[in-house]
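S.K.: In case you want the letters, here they are:
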Amino acid sequence: MFAYVVRRLLATIPIMALVAVFVFMLLHMSPGDPAVVIAGDFASVAQVEEIRTQLGLNDPLHVQFLNWAAGLFRGDLGTSIYSGLPVSRLIGQRIEPTFMLTLTTMIIAITLAIPLGVIAAWKVGTWIDRAVMTVAVLGFSLPVFVLGYALILGGSVRLGWFPVQGYTSIFTSFPGFLRHITLPALTLGLVYMALIARMTRATMLEVLNEDYVRTAYAKGLPTRKVLIKHALKNAMVPISTTIGLGLALLIGGVVVTESVFAIPGLGRLTVDAVLRTDYPVIQGVILVFSLTYVLLNLLIDLTYVLFDPRIRY
Amino acid sequence: MTGIVKGLRPLSGLAAGLALAPVVAAGLMSEPAQAQDGSVLRIVPHADLRNIDPIWTTAYITRNHGYLVWDTLFALDENLEVQPQMAEGYEVSDDGLTYTITLRSGLTFHDGSPVTAADAVASLRRWGARDGMGQKLMSVTDSIEAVDDLSFTITLSEPYGLVLDSLGKISSNVPFIMPARLAETSPSEQIPEVIGSGPFRFVEAEWQPGNLVVYERFEDYVPRDEPASYAAGGKLANVDRVEWRYIPDAATATQALLAGEVDLYEQPAVDLIPMIQADPSITVQTVDPLGTQGVIRFNFLHPPFDNKYARQAAMHAVSQADYMYSIMGNPEYFEEFCGAYFMCGGPFETDVGSEILRGQDLDRARELLEQSGYDGREVVILDPTDVPVAHGQALVTAQALREIGMNVRLAALDWATMTSRRAVRDAPEDGGWNIFPTWWLAVDQLNPITNISVAASGDTAWFGWPDNPRIEELRDAFARETDQDAQRAIVVELQEELYDFVPYIPTGQYYQPTAWRSNVSNVLVAPVPFFWNITVD
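Protein sequence lines, in the order shown, are assigned to chains E and U. For the first sequence, numbering that gives the first Met the number 0 assigns the number 0 to the initial residue and increments by one for each residue that follows. For the second sequence, numbering that gives the first Met the number 0 assigns the number 0 to the initial residue and increments by one for each residue that follows.
Among the clues, some could well be false.
Stretches of chain E that chain U covers, calculated by requiring three or more beta carbons in the stretch to come under 8 Å of a beta carbon on chain U [claimed, not checked]: (1) 124-133; (2) 195-201; (3) 273-280; (4) 298-311.
Label pairs and their calculated CB-CB ranges [as the list claims (entries may be wrong)]: (5) U/105 / E/30: 48 to 54 Å; (6) U/191 / E/7: 41 to 47 Å; (7) E/73 / U/107: 38 to 44 Å; (8) U/411 / E/13: 33 to 39 Å; (9) E/237 / U/185: 58 to 64 Å; (10) E/7 / U/185: 45 to 51 Å; (11) E/8 / U/329: 31 to 37 Å.
From the structure, some residues in chain E lie toward chain U, with a derived Cβ separation under 7 Å [as the list claims (entries may be wrong)]: (12) 27; (13) 30; (14) 31; (15) 151; (16) 261.
No wet-lab data here; the hints were simulated from the structure. We put the CB at the ideal spot given by N, CA and C, even for glycine.
I would like the entire structure built from these sequences, with the hints used as guidance.
M.R.: In structure tokens:
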């Protein structure tokens, strides 16, 4: 297992290198010139050129890439073209809200989706199954921003239970954190919950038709034990995979959710940076997202061991 | 079956419990009041503060930030007259070529160092290298030299009528006075530190680009005795802390104001204003009495708009009302018609020549288009879809031009990409453009020098690069003239030429409302949002 983890971690290096090259090339080949944006309306062509030189944008592309890559090896993600602040500081300021939003969303989604999926599979064809699947289809179809506004209208404006926007760190005030995170997490959680619930139902339906489940019932085991210990445990490997893959969906949703609820997270940082072609910030954020995604998938792969004793690394 | 349901109960109960835990906890636990000493003014600004150097960028948000942190030698008051601000006074030599400016004593920067003439000299030099009006002033300046700690001279090579207007320029780039050590930074680089002598101090440690900007009252600021009037007069920091909380989504920002999470919303979306007005505890008011001018800019380098008849055709084809309804919707917030290139309500307002714009005349437009020799080629209009003011103008223009038979393509892009693409001089089919929409605050358009969209100096002119020596002669004559009546006569002649030449279409004058809660009072009426004098209960 240890050797497997080390191998996977080592495999992360070429993956990240590829991501870095891809992101760099994509950004620098897309339209938009930050020097012109910075120079403003009164600048002459010479002044724009001077700014471009200051930013290193006149260097050949491979030199720009090597300078950036050399910084990465030193742990330096560069400096924002606009604010002049280190990218690591900008990302550092934004990691906690995004991490906590994602974590809370996952907790809500997983704890609701798996039982719902199990119940739907167990009650297949009944109104319960149809109700669960209706909620799942709705969750999948409803745009995140529509749900977000609806929850703001209900939870914040009408009931006044939750703040409209912003974020309070869990380290500053736990109740404040809960008040700020609930609506965004519910908003983001619905689509994720829909995905997991559907996968849980489908996998459970397959497993419930297996001979060993029939045997378990024949042995007189209570339904709870059959469903959870025998069926669900065997269904968990594909469900875990879905949870891992669904993270990409979640990261996409984070961008919208953070904008709707004005949460100062990595999603909004990404959007702001893209809109003003702040190359170092976009590159830094995408690297962080990619690394997180790769590591979380490794973690998901490792959880397979818990559910399927035949899997050994 | 009952057994099965019973069996599943713990599972579903656990799930529901975990999922609803935050909700329940939130309901049970009230959030403790945030420890905050003193008064705080919480503002939703119109944009995110992306950079902190108001000389390096022309962005209005950085200008507003600049006014909190820095001070100016002179400042414009509500009568549009320039008044001394950091300056105690000034003298002009008999030949009109030497200005001696003396600073008020006792002014200090936020780092504790005194404000000296050397700081003013270095700041003006840097501003003069960057700003359009500053560049014009520097082109007739022989030297700027410190005489002693508190006074310095500006020596001109020829008489110039806009020295004080330049030093008291109210909008970007504002000639803010910085410590010399910062002002010596190259104009193409950002200053490394935010140190000013203004009424508020920038709290760098709390700055989160894209989210929060914090200013604290500068205790050693010495305000003038006169009442505040536009950028002039006494700047009283009546709150301990000003917080800019950037909320990019207009609906969320509106709800935050309604819920009392913020005190003042600088530029609420016009379509959401009725919702805000329904709350009696919120005031909605236009605080900029001069407003904003919409602009449709032509590219003079490429057909068809390298021909003045094509530009005149476009002007005949459009209607200001169409533009204004697309931008503001509610006629309460725009002028029915404004034919003044230098703004209605400004010192150089005139409607001479504006008949071409007043009534939409499609037949005349088609005649002029034919006269221009338009060959049916594609006209590329840049359309920044993420900025409603610009997007609306692009759509209205496209429709009007199609109606007179032009072959129009709307090139959809985001604002940042548009600001890059408008600098491209290549033909439209090679990545260039024919038309782009934008807007300017009225304070930037009040005279022929600050209104850079009328400059027609060819290669060195603003994007679009119009070339018209007569217009440049008149602009120069205006700048040299020191008598305002004579300046007005020049403007009349200039505007006639402008309506014939059509450097751009002024698409109308509109007014952006601001909204604030009842705990906020003494909001200043001014063309720039100033945050001094405001009190918060």
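S.K.: Verify the CB-CB distance for residue 7 of chain E and residue 185 of chain U against the hinted window 45 to 51 Å.
M.R.: The hinted range 45 to 51 Å holds for residue 7 of chain E and residue 185 of chain U, with Cβ atoms some 48 Å apart.
S.K.: Does the Cβ pair residue 8 of chain E, residue 329 of chain U satisfy 31 to 37 Å?
M.R.: For residue 8 of chain E and residue 329 of chain U the Cβ distance comes to about 60 Å; the hint is violated.
S.K.: If I claimed the Cβ atoms of residue 237 of chain E and residue 185 of chain U lie 58 to 64 Å apart, would that claim hold in this structure?
M.R.: Holds: the Cβ-Cβ distance is about 59 Å, inside 58 to 64 Å.
S.K.: Taking 7 Å as the limit, does the beta-carbon of residue 30 of chain E come near enough to a beta-carbon in chain U?
M.R.: Check passed: Cβ of residue 30 of chain E comes within 5 Å of chain U, closer than 7 Å.
S.K.: If you count the residues of the stretch 298-311 of chain E with a beta-carbon closer than 8 Å to a beta-carbon of chain U, do you get 3 or more?
M.R.: violated (count 0)
S.K.: Please verify that hint: residue 151 of chain E, Cβ, nearest Cβ of chain U, below 7 Å or not.
M.R.: holds, 6 Å
S.K.: For the hint 38 to 44 Å, verify it against the beta carbon of residue 73 of chain E and that of residue 107 of chain U.
M.R.: The hinted range 38 to 44 Å holds for residue 73 of chain E and residue 107 of chain U, with Cβ atoms some 40 Å apart.
S.K.: How does the stretch 124-133 of chain E fare against chain U when you require at least three residues with a CB closer than 8 Å, holds or violated?
M.R.: violated (count 0)
S.K.: When I compare C-beta atoms, does the stretch 195-201 of chain E have three or more residues closer than 8 Å to chain U?
M.R.: violated (count 0)
S.K.: When I compare C-beta atoms, does the stretch 273-280 of chain E have three or more residues closer than 8 Å to chain U?
M.R.: holds (count 3)
S.K.: Please verify that hint: residue 261 of chain E, Cβ, nearest Cβ of chain U, below 7 Å or not.
M.R.: Constraint on residue 261 of chain E satisfied, holds at 4 Å.
S.K.: Was the hint right that residue 27 of chain E lines chain U, CB cutoff 7 Å?
M.R.: Not OK, violated: residue 27 of chain E not within 7 Å of chain U, min 13 Å.
This entry does not satisfy hints 1, 2, 4, 11, 12, going by the numbered hints stated previously.
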